[in-house]
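Colleague: As given, the protein sequences belong to chains A and B, one line each in that order. My numbering applies: residue 1 is where the first sequence begins, and numbers increase by one. My numbering applies: residue 1 is where the second sequence begins, and numbers increase by one.
It is possible that part of the hints are untrue.
Unchecked claim - A few chain B positions that, by computed beta-carbon distances, are all more than 10 Å from chain A:
1. 31
2. 34
3. 178
4. 198
5. 210
6. 240
7. 246
8. 258
9. 282
10. 285
11. 292
12. 295
13. 303
14. 304
15. 309
Claimed, not checked - Partial selection, computed: residues in chain A whose CB lies under 10 Å from chain B:
16. 42
17. 45
18. 66
19. 67
20. 71
21. 193
Hints are computed from structural coordinates only; laboratory data are not their basis. Bear in mind the structure is a predicted one, so any value in this text is a computation, not a measurement. C-beta: ideal position from N, C-alpha, C; glycine also.
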Amino acid sequence: MAEIMYWEALRRAHDEEMTRDPLVICMGEDIGVAGGTYKATNGLFDKYGPERVIDTPISEGGYTGLGIGASFLGVRPIIEIMSVNFAWLAMDQIFNTAAKVRYMSGGQLEAPVVIRSPGGTAHQLGAQHSARMEKVFMGVAGLRSVTPSNPRQAYGLLKSAIRCNDPVFINEHELMYNMKGEVPDEEYFMPLEGSEIARQGTDITLFGYNISVHWCTQAAEILASKHGINCEVIDLYSLAPLDRDGIKASVSKTHRAIIVEEAEPAVGVGSEVMAIINEECFFELDAAPVRVSAQNVPIPYNHTLEKMAIPNAQDVVNSVLKMFGLTG
Amino acid sequence: MKAADKKRVLREMLFARRFEERCYEAYVERKIGGFLHLYPGEEACAFGVLEAARPGHDYVITSYRDHVHAIKCGVPPKAVMAELFAKETGVCKGLGGSMHIFGTEQRFMGGYALVGGPFPLAAGIAKGIKMKGGDEISICFLGDAANNQGVFHESLNMAKLWDLPVLYVCENNLYGIGTRIDRSTAVIDQYKRVSGYDIPSAQVDGQDIDKVYEAAQIAVDHVRSGKGPYFLELMTYRYRGHSMSDSNAYRTKEEERMWGTRDPIIILRDRLIEAGEITLDDYSAMDTEILEEIENEVIKFAEESPEPSAELLHKYVLAENDPWVHGGAK
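Using the sequences and the hints, build the whole thing.
Modeller: Below, the structure written as structure tokens:
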């Protein structure tokens, strides 16, 4: 098993699927000749040519709609939106068409598109390049939303998403493309629904997704070594649908829960997970579930303030200690 | 168009007119719910263009004013009416409604309710055609007001950039909902707006089917021969308000009267009478026959069809039994 980077895992998935099926195409800004801002399509232009590796105009609503239209005819487009902040410009096409077309056509048409887009707070990108939008994409019927937290998931989820007949939105993270991780050498597919136990534990469940899984596991190590608290970390790599059974199973085991998200708390992943806990296992709880979220501000440019605006592993540690009536 | 074709098209147009008028009545009777956008007055647009194209072979996509385009593509009228009646026998099993008529078997790729939304979808369909190597074209009907959406410009840019086989047909009925074009649009002549993308275009009288047909033949030939997109602007008028909830108070009686003298069906009828192809009695007999057909077959079918079953509520949201959802077929 090789250790490869997140972008390399994505690239491998693109490449294998494009070799297998001539109707798989990828499209987006700078993904072709320039090789992709985050290199997920690096080298594919030379291999597959401009008809299948399409450099689009800076025109998110237009090219996303074009990909959706092509998918009506059986083309399998992988649409890269360079930053999730720009995905707002394509919302009409994603929400009003891709997510609804099978339903409103009574099953006649479907839009098997994959839309990949990174978000998150990176390094001083300013408010309009720092948004996390998982909470938006997980809330619309007809759309699947997944968010890989490591290279193994990135490869396996993209492979399944390309072959799935539903529109799938893949939230990535700007800070994670160079993250290394073990990826099996043989071909494999991740289920698009479910969650993974990133760390087994008994005392409390920390729910994370994408980058916040790593904050949770860092916090879990600190809590185990310094405070003797054994955290379970659940990686909610599928946000739509959320893994109700997995959430229930873990909370029923640990009886405590903290949900960690990079976005603002309102109407977010955390509030949805808390609602599920409330519905599924309220009487298992030893404490009220808590969210660790971003401050309710657009992300500031100043680096100190930027760090203050979003949570980190120490915030998770503090939150756990508070729940147990302890102090750091 | 040959005389025999014209007689057939006259009947089809009259059928479309009576179909839409019957929809109006059914709406008033509360048999049809929601929004209802009717097409009377604009028939020469859909029929002229699609006579020059190959409905059922070429792909067609349009806006919420979509019943007539669907029928002309070959979608059975009774299944369209059943959809408007929200019955399980409707084209979309009662899940779509007036603004979302689909008929993929007939390559009618649907009616969409967001103004301008189909522009890029049509370009994408054209991309799909190109990838699969067929001789079909993608035809996108939309109103004039849609051209003020950003995706109009984005789509034209890409369609031209990549020479996609897409024909954009602008049905310019002079109003975007209730706002007249000169109050919403800086350049009134829509065909001029595409010159910025170097896309060939034409503007013709959308009430005269012969003129529409002639212009559409040039447009369709251009697109089908691989020369890239074409934009056709058809000057037309809708007799009714934008939708059934529109009181239509923003138009003058004079204007409505003037356009009433330019009825596309009457223009074609009189031309055929003048040429000695039909008589006024033939036309009246045809009209009676159509009204009976709509009542006895279309309405009756929609009325007598069952309501959708409750299990349809959750069907079609996500793909059923898709192995890749669960990590692939082992």
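Colleague: Measuring from the C-beta of residue 67 of chain A to each C-beta in chain B, is the shortest one below 10 Å?
Modeller: This interface hint holds because 6 Å falls under the 10 Å limit.
Colleague: Would the least Cβ to Cβ distance between residue 210 of chain B and chain A come out above 10 Å?
Modeller: holds (32 Å)
Colleague: For the hint on residue 42 of chain A, does the least C-beta distance to chain B fall short of 10 Å?
Modeller: violated (23 Å)
Colleague: Once the shortest beta carbon distance from residue 71 of chain A to chain B is found, is it less than 10 Å?
Modeller: Holds: closest Cβ of chain B sits about 7 Å from residue 71 of chain A, inside 10 Å.
Colleague: When the nearest CB of chain B is found for residue 45 of chain A, is that gap smaller than 10 Å?
Modeller: violated (15 Å)
Colleague: When you look at the beta carbon of residue 258 of chain B, is every beta carbon of chain A farther off than 10 Å?
Modeller: holds (36 Å)
Colleague: Beyond 10 Å on every Cβ pair: is that true for residue 295 of chain B relative to chain A?
Modeller: With a cut-off of 10 Å, residue 295 of chain B remains clear of chain A, as the shortest Cβ separation is near 25 Å.
Colleague: Find the nearest Cβ of chain A to the Cβ of residue 292 of chain B and say whether that gap is larger than 10 Å.
Modeller: holds (29 Å)
Colleague: Should the interface hint for residue 193 of chain A be scored as holding, given a Cβ-Cβ cut-off of 10 Å against chain B?
Modeller: holds (6 Å)
Colleague: Checking the smallest CB distance to chain A, is residue 34 of chain B really beyond 10 Å?
Modeller: holds (12 Å)
Colleague: Using 10 Å as the Cβ threshold, decide whether residue 66 of chain A counts as touching chain B.
Modeller: With a minimum Cβ separation of about 4 Å from chain B (threshold 10 Å), the hint on residue 66 of chain A holds.
Colleague: Against chain A, does residue 246 of chain B keep a CB gap of more than 10 Å to every residue?
Modeller: With a cut-off of 10 Å, residue 246 of chain B remains clear of chain A, as the shortest Cβ separation is near 22 Å.
Of the numbered hints stated above, those contradicted by the structure are hints 16, 17, listed in ascending order.
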